[in-house]
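As you go down the protein sequences, you meet chains A and B in turn.
Quick note: the first sequence uses our numbering, first residue 1, plus one each step.
Quick note: the second sequence uses our numbering, first residue 1001, plus one each step.
None of these hints come from the bench; they were simulated from the model.
There may be inaccurate statements among the hints.
[Said to hold, decoys possible] Think about it this way: if two alpha-carbon atoms lie no more than 20 angstroms apart in a straight line, the pair counts; the simulated SDA-like pairs of lysine to any residue are: (1) A:K71 / A:G304; (2) B:K1212 / A:R374; (3) B:K1002 / A:W72; (4) A:K380 / B:S1216; (5) A:K380 / B:V1206; (6) B:K1002 / A:E77; (7) B:K1002 / A:A11.
[Claimed, not checked] Sample of chain A residues lacking proximity to chain B, with all beta carbon distances greater than 10 angstroms (derived): (8) V24; (9) Q108; (10) N131; (11) I157; (12) K266; (13) E288; (14) E336; (15) G350.
[Stated by the list, open to error] Footprint (simulated), chain A over chain B, 3 or more residues, beta carbon under 8 angstroms: (16) 1019 to 1030; (17) 1137 to 1145; (18) 1218 to 1230.
Heads up, the beta-carbon is just placed ideally off N, CA and C, and yes, glycines get one too.
For reference, the chains in residue letters:
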Amino acid sequence: MDLRETADESAFRLEARTWLEANVPAEPLPSFDTAEGFARHRQWEKKLYDGRWSAVSWPEQYGGRGADYIKWLIFEEEYYRAGAPGRVNQNGIFLLGPTIMEVGTEAQKERFLPTMASSEIVWGQAWSEPNAGSDLAGIKSKALRDGDDWILNGQKIWASRAVWADWCFGIFRTDPEAERHRGLTFILCPLDLPGITVRPIAQLDGDTGFAEIFFDDVRVPVENTLGEVNKGWGVAMATAGFERGVSLRSPARFSEAVNRLVALWKRLGDKSDTALADAVTDVWMQAEGYRLHTYQTVTGMLEGRPIGAEASLNKIFWSEMDVRIHEIALQIIGPEAERMEGPLERWVDGFLFSLSGPIYAGTNEIQRNIIADRVLQLPKGM
Amino acid sequence: MKFSFTDDQRLFAEGLRELLANECPPTLVRDVWENGTGHSPELWAHLSGMGVLSMLAPEADGGMGGSFVDAILLFQELGRAAVPGPVLEHMAVAVPALASTTFGASLIAGDSIATLWVDDSPYVAHAGVADLILRDDHVLESFQSTDAHGMDGGRRLFTVSGGDRTDATPNVAGLDPFDAMALASAAYLIGLSERMIEIAAEYARVREQFGKPIGSFQAVKHLMSDALLKVEFAKAPTYRAAFSASIGADTMVRDISMAKALASEAAYRTSRSTMQVHGGIGYTWEADLQLFMKKSWALMRSYGDANFHRRRVSGFVLA
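Just chain B, with the same shape it has in the complex (with noise of 0.2 angstroms):
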């Protein structure tokens, strides 16, 4: 029994870490939210050269032969960054289900970008810039989509309709597409909270009221504890779903719906907590922490919300 990651798996985290802090700021994210893309090409092509977008792809195809256990903390990174765009559909799903098929080069290589259409959802994430959408059992090419006015300008909406169809059965690692999306959203979603809370400490040590920062009263102090204790206690279950399911355990659908439940009650606290420490700025247009809330608002309903996940949960504990 051993609860730990390895030190290239939080070598490779550190060093992801690292590029987005320069290649990804707020000021970018904010770029792409404001030209109305929500992607970055230039930032997709940092992820693709880093190998962090072929992490679940085979090496015999390509990619960096990784299991979910080496890619949690970079949903967790990503997530820290609010990176924009189709990352998490591209490189947790469409990479690894299509990595064998005639669309894998160019995904792993990154030149073309995939997402991902869930069952029955009237939405597509990211459609705008894909040049791919996977279905339950196709893919589709030269699709219409039109404009749905998602509220996270980074993970535009889109209806979608047309398209060229070829068969094809996503499956990765065992998992249906969308529990390896719950998975990495739990992780991504786990990244943002992080963020949401340093942004909001930081704010707490330097605004002052009453003649001091406001970090230093109770009320304040108690919100961000809270915040955090949940945060903190997502992780493992996350952590342990990505274990789970790189070894294909019987207990992974459960797995995964505990960490996505956890993960999204987490970040909503977060959210709340962390905006009203800010106060009056927080429901500003300009405080960045908007761009962390709202991918949040957005992911914690995407790929099952709270409820789901635990009725789910509920399934194989109650049974």
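Chain A extracted, bound-state conformation (with noise of 0.2 angstroms):
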């Protein structure tokens, strides 16, 4: 154990912020879920790309450094240090890019990682459906074969993305005799084809990062198959598991929004109020927490240890974790709390975003259940 930088650790974080210094607007971009915000995000996905920062984790032959898991975790530290733009390819860069590489055939890797690298492709996510959210095995979206192509004919919701993304990925239900888990297919489908319809759904904050997908005889060639065909699930639990587990809340994200508590305590907090102080502790010590945890973690995969159903407890963490410094924030701001434009809006909009963290990426309910059975090793049922 030695948690100190390594000197090559060091200059790789010199190295990084001193691009970001250089790089990042100088003004906070529009919001990625807005047409405008949506192609400021890609241009900046694309000085991200040149600079080889926007997969620094990635082989290099597919636009990245091959930087380990620690390096990768020191880049999001000074990202979120220079307060650089959200990332509007998070999809396909965080959880499908590493599913490919895991499960794809070298040619899907030639066909789909550059181009998700650069954000040339923008990624969606199609999984929901109306009656399949948290029993995700209850998907019904078909895939039917008919030479050499699916036909796709179904509904999804909660498509994150998907208003603006140029491509999605999917699962569909390949063999209709097979029940549950068995019989789904994992596919990778562009959004501009015929037959399909986008209907944009306004969050709770009015902007539109996600959407219904319909699929009406939708036709895609079967090589846009990931993984087998009828073993898609397993490739999706990979994908969740990326989400749920390291690759898409960074720790130092909780970090620095938890070093802008403080500066907002300090700033506007009741110094005499303790109980407000110990809350700004608390979750000062719970972002702390998290980024030591994940620094553990990321050892453990780099030795051999690879993530498993623990990814649920990060999950259930980070999203608890991601309300309560709002709700202390808006607590410590007070009236103009109420307020969605004014000085301290980012406040208030961080708040309605850290909602959804609790329910997305599977709710945290289903992720106590599968802490309870796959880690403590209780009998199924509900």
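From these two lone chains plus the hints, build me the complex, please.
Below you can see the structure in the form of structure tokens.
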């Protein structure tokens, strides 16, 4: 155990910091869940890609730096420290990308990864359905084989980024006889094909960060299948593992948020309110604990101990912490916290967004079931 | 940056777990509660023989020459077995602080037993079985101790009077004894919590109601998962605190306080949830769970409770 940075890691940190200081836009970009904001974020991703910072942990041949996970965490720390824009292609770079590297063919890697790293193609996620939310295995959207094509029919919902994304990755029922987790296939699909209708859904904050997608006899080539036919559930669970685990919610995001919270408390907090000071310290400790836990997990991964169902612990922890950070901020802000536009709007926006955390990527109740079943080995059942 | 234990550190901890599975089952803990000593000389000899007691003493003095990183998993394993007696006080403070004094040799060998009297505390844990007591600036021998009726029979409390004084300034690798004990207790509390979760999970697998194991009910699953969550997220901060102490980092006091605050809260939450999972049997003297719960309730308040340590962290973070 040595929790100090190596010279190599420090040099990497400095290189990232230097590049970000020179390149991060001075003014925050508009939300990527608006048409203009989406385009501006895509340009930013291209800039990151040109500097080879868009996917630092990917192999060099696909546009990355072959950085290990420790360096990835360092990059994330610098990224949030610099106040750089949100990652519009996170569904691609952090979720689908690692999944393609794990189960994709060489041809698929060549075809999809470089355009993902550059955000020439931005990805949306198409998993949930109106009747398949927490019970994701209840998926009914179908893909029927016709020659060298799949014919897709059905409806997806809560498809994040799908309003402006170029492609989506979905799960479809390919064996109508099979039930539940069996007979599902993971399929990659352009969103501009005939038969596709995307209907934006306004989120709690009014932006259209997700959408419904209707598939009406949509034809995609079978080469767009990721992993084996009828084995899509396993592929999806690998993706979900990345989502719940380390890749989507890097600790830097929360470290940066609690640092801002401490600054907010210093500026506006009632110093005679010891309960408030305790609350701020509590979430500071949580963010620090999450950071340390992640470094420990990542060291384990580097030493050959892959993350398993414990990823569900991370998901509960960061999502509840994120809500708590924002609750305390709004308490400090007081009457200004009622305003959607104003000097402190970022905290109000952040609060609304934080409320999605305990729901998406598998509700926290589902995560608790997973922990109970797989980590604590309790009997299955409801 | 490398946040993991070496194979040697892991193997030593596994060896200790195995030893304690054989030599410190709940029946032994219960025996020392009931015979009134709160200590087992046989178990003490095993711990001494394995090198556990002398882990933090320099090799030159006959110890194992380990650091807090080498010791932290051992504290955790001691907690998993709810090892009774002054093992933490002896191992984490007395041995390293007094290793090079005239008291050193017999403490390192485990032939004499030491405990700790923290400033301002009216009680001294384990004084009834200790040969010497370490205070902030002296060592006390030949003292009189009176039972103060502690809740945990494996950590008996006493008031102490009289005794012969020898000047000493205890210092454990730059830490004062209170902080060394806060760190050791944090790891011990994590071990206790892990064990309580194991016991309750086993119970939930076999106890049936409504024709099913109670562990199949979501209300029970979620209680257990939430307890595990708190325990798992107290671990990395505790190991980091051990690392900070081992290199004398500027942040070591803050890091130890963070560990003790999180571990104390995790242990309390775990004790409540695991008792609840047990239902009526959890409220009995007969259930082994109480051996671990009561130790948690004693240690969570010792060497600074969660509020004390949280405020100390505040002093660093909000300053």
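Each hint, compared with the structure:
1. A threshold of 20 angstroms between alpha carbons decides the hint, and for A:K71 with A:G304 the separation of about 17 angstroms falls inside it, so the pair holds.
2. Pair hint B:K1212 plus A:R374 holds up; C-alpha atoms about 18 angstroms apart against a cutoff of 20 angstroms.
3. Among the hinted pairs, B:K1002 with A:W72 is consistent with the structure: their alpha-carbon atoms are about 14 angstroms apart, no more than 20 angstroms.
4. At most 20 angstroms may separate the alpha-carbon atoms for a hinted pair to count; A:K380 and B:S1216 meet this at roughly 5 angstroms.
5. In summary, the hint linking A:K380 to B:V1206 is supported, as the alpha carbons are separated by about 13 angstroms, within the 20 angstroms threshold.
6. A distance of roughly 17 angstroms separates the Cα atoms of B:K1002 and A:E77; the hinted pair therefore holds under the 20 angstroms criterion.
7. The hinted pair formed by B:K1002 and A:A11 meets the criterion: a straight-line CA distance of about 17 angstroms does not exceed 20 angstroms.
8. Listed as a non-interface residue, A:V24 keeps its Cβ farther than 10 angstroms from every Cβ of chain B; the least gap is roughly 24 angstroms.
9. For A:Q108, the non-interface assignment is confirmed: its Cβ lies about 33 angstroms from the closest Cβ of chain B, beyond the 10 angstroms cut-off.
10. Listed as a non-interface residue, A:N131 keeps its Cβ farther than 10 angstroms from every Cβ of chain B; the least gap is roughly 21 angstroms.
11. Consistency note on A:I157: stated as away from chain B, and its beta-carbon is indeed over 10 angstroms from all of that chain's, at 25 angstroms minimum.
12. Its beta-carbon lying about 7 angstroms from the closest one in chain B, A:K266 breaks the requirement of being farther than 10 angstroms from that chain.
13. Annotated as non-interface, A:E288 brings its C-beta within 10 angstroms of a C-beta of chain B; the closest such distance is 7 angstroms.
14. Residue placement check: A:E336 keeps its beta carbon more than 10 angstroms from all beta carbons of chain B (closest about 21 angstroms).
15. Once the 10 angstroms rule is applied to beta carbons, A:G350 is consistent with being away from chain B; the minimum gap is 20 angstroms.
16. Counting residues of the region 1019 to 1030 of chain B whose C-beta sits closer than 8 angstroms to any C-beta of chain A gives 0, which falls short of three, so the coverage hint is violated.
17. Under the rule that three or more residues need a Cβ within less than 8 angstroms of chain A, the assignment of the region 1137 to 1145 of chain B is violated, with 0 such residues.
18. Remark: the region 1218 to 1230 of chain B is confirmed as covered by chain A, as 9 of its residues place a Cβ nearer than 8 angstroms to a Cβ of that chain, reaching the required three.
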